[in-house]
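Peer 1: Listed below are the residues making up each chain.
2 protein chains.
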Amino acid sequence: MNKPANQPKTDAAAITPRSQDYGQWYLDVVKKGSLAEHSPVRGCMVIRPHGYAIWEKMQRELDDRFKATGHENAYFPLFIPLSFLAQEEKHASGFAKECAVITHHRLKAIDGAIVPDPASKLEEPLVVRPTSETIIWAQYKNWIKSYRDLPLLINQWANVVRWEMRTRLFLRTAEFLWQEGHTAHATEAEALEETSKMLEVYADFAENIMAVPVVKGHKTEGERFAGALDTLCIEGMMQDGKALQMGTSHYLGQNFSKGADVKFQNKAGQLEYVYATSWGVSTRLIGALIMTHSDDNGLVLPPRLAPIQVVIVPIYKSDEERARTVAEAKAVAAELKAKGVAVKIDDREGMMPGAKYYEWEGKGVPLRIEIGPKDLEKGSLCIARRFLIEKPGETPDELKRRRKVFLPRAEAIASIVPTLDAMQKELLERARAMRAARTRVIDTIEEYEKFFKGEGGGFAWVHWAGDAAQEEEMAKRFETSIRCIPFPDQIPAEAGGEGKCILTGKPSKSRVLMSKSY
Amino acid sequence: MNKPANQPKTDAAAITPRSQDYGQWYLDVVKKGSLAEHSPVRGCMVIRPHGYAIWEKMQRELDDRFKATGHENAYFPLFIPLSFLAQEEKHASGFAKECAVITHHRLKAIDGAIVPDPASKLEEPLVVRPTSETIIWAQYKNWIKSYRDLPLLINQWANVVRWEMRTRLFLRTAEFLWQEGHTAHATEAEALEETSKMLEVYADFAENIMAVPVVKGHKTEGERFAGALDTLCIEGMMQDGKALQMGTSHYLGQNFSKGADVKFQNKAGQLEYVYATSWGVSTRLIGALIMTHSDDNGLVLPPRLAPIQVVIVPIYKSDEERARTVAEAKAVAAELKAKGVAVKIDDREGMMPGAKYYEWEGKGVPLRIEIGPKDLEKGSLCIARRFLIEKPGETPDELKRRRKVFLPRAEAIASIVPTLDAMQKELLERARAMRAARTRVIDTIEEYEKFFKGEGGGFAWVHWAGDAAQEEEMAKRFETSIRCIPFPDQIPAEAGGEGKCILTGKPSKSRVLMSKSY
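Residue numbers (this note's numbering), protein chains in the order written: chain A, 153 to 670; chain B, 153 to 670.
Not one of these hints is a red herring.
Chain copies aren't distinguished; within one or between two, either way the pair holds.
Listed next, the in silico DSSO-like pairs over lysine-lysine satisfying Cα-Cα at most 30 Å (straight line):
1. K209 with K491
2. K260 with K628
3. K219 with K293
4. K508 with K293
5. K491 with K219
6. K530 with K482
Rather than coming from a laboratory, the hints here were simulated on the basis of the structure. Note that the coordinates shown come from a computational prediction; the quantities given were computed from them, not determined experimentally.
Given these sequences and hints, build the entire structure.
Peer 2: Structure (structure tokens):
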């Protein structure tokens, strides 16, 4: 028999239960799923093949949506001259404290040690891009002359670096992968429309592809992107009740076009500064995915982002049984591939079926098909689901019976696509139910304290009319912040209307979303 | 009527003829095609949307081939600690002179100027990856324990930086985009097989997708990748007769596994160092594409890499004609899209059809369909080809008639896919003919001098038995180098057999390929 097929290695150590230590659980899921790990370079992560395959699926879905809304991809330099960053004052001060700075362009052996060659010192240091507004707008100056050149709708897939001292895989790393859209418009109205449109693209992706429900709104002034006039965001709730900012879309007004002196001739023949937006999501989304859906057995993936949707495990005791079950596995795989299902056969030798089940569970594969000699005799297939939402009043035995079903072959194969679709919906429903269970409409600071200190917290809809110092007071007392000032349609009916600020008692027109966060 | 659709801007300045100034012609083609431009950051280019779309097509084709040969994608850090680079001596000295070095992680305003904060100086400087062998093998140490973990077949799509003083768009830039495969094997034989296999993948891609014929062979010792035991390469010929190295595949032996101390337990239970390969192609391929096929009207693209394969231009004088021709353009576009053709309708207003033709020609779109009111009446379509290979004895009039044809609508639509396929083949044939016309089997240094100094040069098949100093002599006298020691099947029949070194007269078993090069 052949050598086992090459497989990414999986760490088989047990996962710390969520109830015991949520932070450790997260790291264990990342490890068991072979998603990522720390590198010897401070703050930089290595994205392992299974983690990168999820990112590729995300990229494809997002890129299709960007192109469908008229955007094109391009690529701009990794390095930004120091003087560029300084063009927009708030932008510079916002990023100055976390920049990787390049000062030399050559190494040299001096006294046996390799060091930066003093003779290669750059006249002007370069910064590794923490975001690309300034370098991109310097180029837009050459591309935009007239209203006919607008709108300019460009996106870039790239790596960026923001020096971080405290890092956490996917959620906060010094280097991360992202996309950044940078658009230029003739009018404020059109730029604002773009800002909203791209937030809707992110929200649609979060809910329908990631199966993570989100609240859409504006960031407060203090939480805005450095240099933006308005920052829109989507906020998801993780299983520990904390919020995670999943994507932002910024209206930049004329701040960057003024910094780079980008004017266009409008239809009336006058010169005007261009209006700008920028918007981005990053590999942080993989962290959101993990913390929304996964369980104490490891990663759970929504089928639409699963690099492998179905794994087929042939079960055998003899070479003869192996030949027959592997042949059937290949036949089933071919039928599923023809339906567009991403399928993998795990016929590695020298490994017990149970160890394989355990590994693929940890990698979040939604469905497993087991094929043994008895299944061949009966003409049936055994299908096991990675997860199942408990029905009200269901006993553990009933749940178990639903989780693993034996179906006649044709029926089994026909059931795969509808089952994957159903699982995608169930994950979103479960995430919605989890969020609903941890969301409160709160009107007094006592209730607020009880919710965040006694009940574990979650999303709180509260009236707010405080200032920046009072926001900080809330952060100190409860570790919470205003996640967003929601769009009106995001506020649940029972939380609508005017009221009084939870802290100051001042009148408030509408509620905000408060929560602990990542 | 509506505002013109957003389009990347095109510079309409005329292109310098190739015969006049090949270097300027190249820059003009890049500019007219809106492919790329220099940025304010020394040596770094901006890849514009049309150039990036070509890179995306290349990536998709290559990535499919990598995955079909069992490779997975992953992502490793942008930064490499100085000490890692130093692990492999030749590797370090090979890249030390062109490294961007990061020495600080924070900026600070001192006396009103923003400078690297002296307090943020790194204990150990970091280098922006010029290639990733060392950082990847540091990680492989955690992943490889036993022969069961091998082979490990990983690829990375990334940006890399090699500081360059003299840059040329796509061909030589400080930052460029590439893919780098890094594989680990249990035996030398398996690693050598991988090295060859990936070179074949590159050669297949070059010939069948890029339509660029290549010569496959080994680099000489002096031209090897820093740290490799053998470097395989593919060499294409550009229209000016110079060679361009288009891809390399390296057998690294145990150099990097020893540097990073990566051992595995073999089947006999003994510890052994792992065998390694690495292989890569970059955005340089876009330069090769331009210099092989383009003409004095601008970019020429093989249909399989054209982001837009067919552009449809409606022609009209009145609003009523516009409505009818645009409607027909949409109907034709829908039929072509259903056949898998990448089609674009150019219905921009305020622009003459001729200006549109000129722009799309410059962008290398293979086919143009013109739809005017007369075509609607006749039920026909006018199809114009971006290029046509002249037939022997054909008059300019005959050529022109073949270039632009009027066909009944159904016949025209049915002809598009076969025409694109034919154009793909014609480009490869034309490139083969061009290469054949500039290739010589040369046996004396006088002939050699005549070829390279009098006849413009090209590929020379010569016997060689010189040493490194003599190679340098050839470089000084003729600006030529050994492009490769070809695989035996790459040598044309008329150049086969043994002979005497063209410079030293010493006996030689087989010929090498000499040429000027980029």
